[in-house]
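In order, the protein sequences belong to chains A and B. First residue of the first sequence: 2, per our numbering; consecutive thereafter. First residue of the second sequence: 141, per our numbering; consecutive thereafter.
Think of the hints as simulated: they come from the structure by calculation, not from any bench. As the structure is a prediction and not an experimental result, all values here were calculated from the model. Please note that a few of the clues may not be correct.
[As the list claims (entries may be wrong)] Residues from chain A that face chain B, not an exhaustive set, calculated with beta carbons under 7 Å:
1. 106
2. 165
3. 199
4. 203
5. 211
6. 216
7. 217
Here a beta-carbon is modelled for each residue, glycine too, at the ideal position from N, C-alpha and C.
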Amino acid sequence: MTEIAAIGANKTALVVLGTINYYYDMIGERVAVALRVLGYTVTVAPLRTVPGAHYDWCFFVNLYEVCVGYGGYGAVDEAVDRVRSLVADSEHSATVLLECVATRWYAESYRLTERCGIPVLLDLGFHDQAAMVDPNMRKGYRFAFNGLLRTEIPSVRALLDAPLPRPVPWTFVGHLEPKRVKFVERLMNRLDTNGFVYLPTLAHMKADGPHLNADQLRAALRRTRYYVWCAHHDYFYIESERFKDALFAGAVPIKVLQTPLTAEQSAIVPFGYVLLDDADFDTRLAAMDFEAIHRRYIEDFCVLPTLEDELAVVIGEAAGLPIAGEPAHA
Amino acid sequence: MPEPGSPLRTPPEGVTIAIPNWNHEYLLPRSVGSALRAVRDLRARGIAADALVVDDQSRDGSLTLLRQFEALYFEDGLRVLALPQNGGLPAKTRDHALRRATYRYIVFMDADNELVPNNLYHFYRAIKDMRAALVYGNLIHIDAFGEAQTLVSNESFQTRMMAQNYIDAFALADRTQLLDAGGHLDTRDIIAREDWEMNLHLAAVGRRVVFVPLVMGFYHDVPGSITKATTDAAIHVAQHRLIHRIYNQLNIRGKMTSNTRHLRYHPDIGYL
Chain A
2 MTEIAAIGAN KTALVVLGTI NYYYDMIGER VAVALRVLGY TVTVAPLRTV PGAHYDWCFF
62 VNLYEVCVGY GGYGAVDEAV DRVRSLVADS EHSATVLLEC VATRWYAESY RLTERCGIPV
122 LLDLGFHDQA AMVDPNMRKG YRFAFNGLLR TEIPSVRALL DAPLPRPVPW TFVGHLEPKR
182 VKFVERLMNR LDTNGFVYLP TLAHMKADGP HLNADQLRAA LRRTRYYVWC AHHDYFYIES
242 ERFKDALFAG AVPIKVLQTP LTAEQSAIVP FGYVLLDDAD FDTRLAAMDF EAIHRRYIED
302 FCVLPTLEDE LAVVIGEAAG LPIAGEPAHA
Chain B
141 MPEPGSPLRT PPEGVTIAIP NWNHEYLLPR SVGSALRAVR DLRARGIAAD ALVVDDQSRD
201 GSLTLLRQFE ALYFEDGLRV LALPQNGGLP AKTRDHALRR ATYRYIVFMD ADNELVPNNL
261 YHFYRAIKDM RAALVYGNLI HIDAFGEAQT LVSNESFQTR MMAQNYIDAF ALADRTQLLD
321 AGGHLDTRDI IAREDWEMNL HLAAVGRRVV FVPLVMGFYH DVPGSITKAT TDAAIHVAQH
381 RLIHRIYNQL NIRGKMTSNT RHLRYHPDIG YL
């Protein structure tokens, strides 16, 4: 564990959120909690209402949505000016992103990060994607493990002592796509017909939109055995937040992969036993022992680096920025 | 709407699965089979249930087949009602089922639908828990090659229902509430979109139309269905105008949202 007491004492940090995507807002709140543990006085605000001040650190959580959420697509230039001003007034700054680096969302964030003069693009996730980043968009890329907060570990372990009844055999949530409908049909055929299925038509994520918000999803997962999903793209990526959603609710996450894991990928991702291939995920899932795999999942997660540990390393390195693509921890 | 003397005010608890049919002889074994499996499942759980096929004067071999089914499966809860003359409107056939069903709750499915038998119990629990007029869940759309392609009835009731229907007729309804609300609008002006009109009507009069995040069944794509036959642009526009005139004349629904907006409920989880 990194020694943090001396790093952040009496320092200030700003976490800037978008106003479009509440999912990223929650990630911003977690970053804020971790920073407070590290000794920072943290302000969390959307770009439009950020208090003007000198900050030791400024984190922009999903910069693309921060800028678009400022005043729509027509006001992005104005938003960029505001971000640049904050960056200039801060000792250090970073963009925080949780995306597959092969998608356009990463490219858009990278371009904005560069345009705003932000030196670090912090990829919070489960595996270092440096090797997958387009060489032209690698400058400042920095991976950090998206771990638990320290305060979360005891409550996660306690889930093993008081198991809840789980009448819902599986839950499948995402936006509507033909591929996902086929997965649902396979889960019904191989596992159980009584799965929780919520696949609304693609729309912006908002608290009052058709999507399940975090509390609603967690309510469903608290009654669920297996939380199953697949990505809407074919690139290799492990959605760390989905794993945490399952963890906190006492469910087992199941990520369906389009292609089998390579040896290199297996070496860098945790929880390989719940990463199942498209070809036979339904058969393998039907053969799983829920209690055994649930216990293993919780025990494995609780010994991985915490979010505070990871941010402490990033902050500690800030005086001399990390080499692009170099992992945050050995 | 209720026939004189009809005991609709005190219908017994339970579920009638109603299948209106018009010249769908070759689809009946699948839809009726799934309905009978659902009846068996509900009965095993102590819930009274039956299946009612209402034949709208089919000219193919439907009625002969149905009478054979009825002879074979009467004890399993299958009844067949042959209408004396063709009503020509799905709404009329559904309202016949509404009046002649045995039990308080009624599943409306078409001959090209297939129920997921074990899931109906959970929809039954949901409609009772919610005291809803209607509950519905995901329908998997199976194309002509037998491949699952998309979902319908996959979201809660939202204001955008004013502009576009995404909730299929295949649903579980409370007969008493539907009859109190006047049943379906049986006019040719709205043919093949009676379900849309019915759902808007229920929402407009304050009833609950609730999405349950389970798969209710399948829609098997068949060439020549009534819905496909009424995709003519002029008819489509006229129907949208009529719906707009009835339910959203002043474009106020975006601000005056209905009671049922975003109602989602799962009987093992609660409100979502």
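Hints versus structure:
no. : hint : result
1   : 106  : violated, 24 Å
2   : 165  : violated, 11 Å
3   : 199  : holds, 5 Å
4   : 203  : violated, 11 Å
5   : 211  : holds, 5 Å
6   : 216  : violated, 9 Å
7   : 217  : holds, 5 Å
Violated hints, in rising order: 1, 2, 4 and 6; the structure is consistent with all others.
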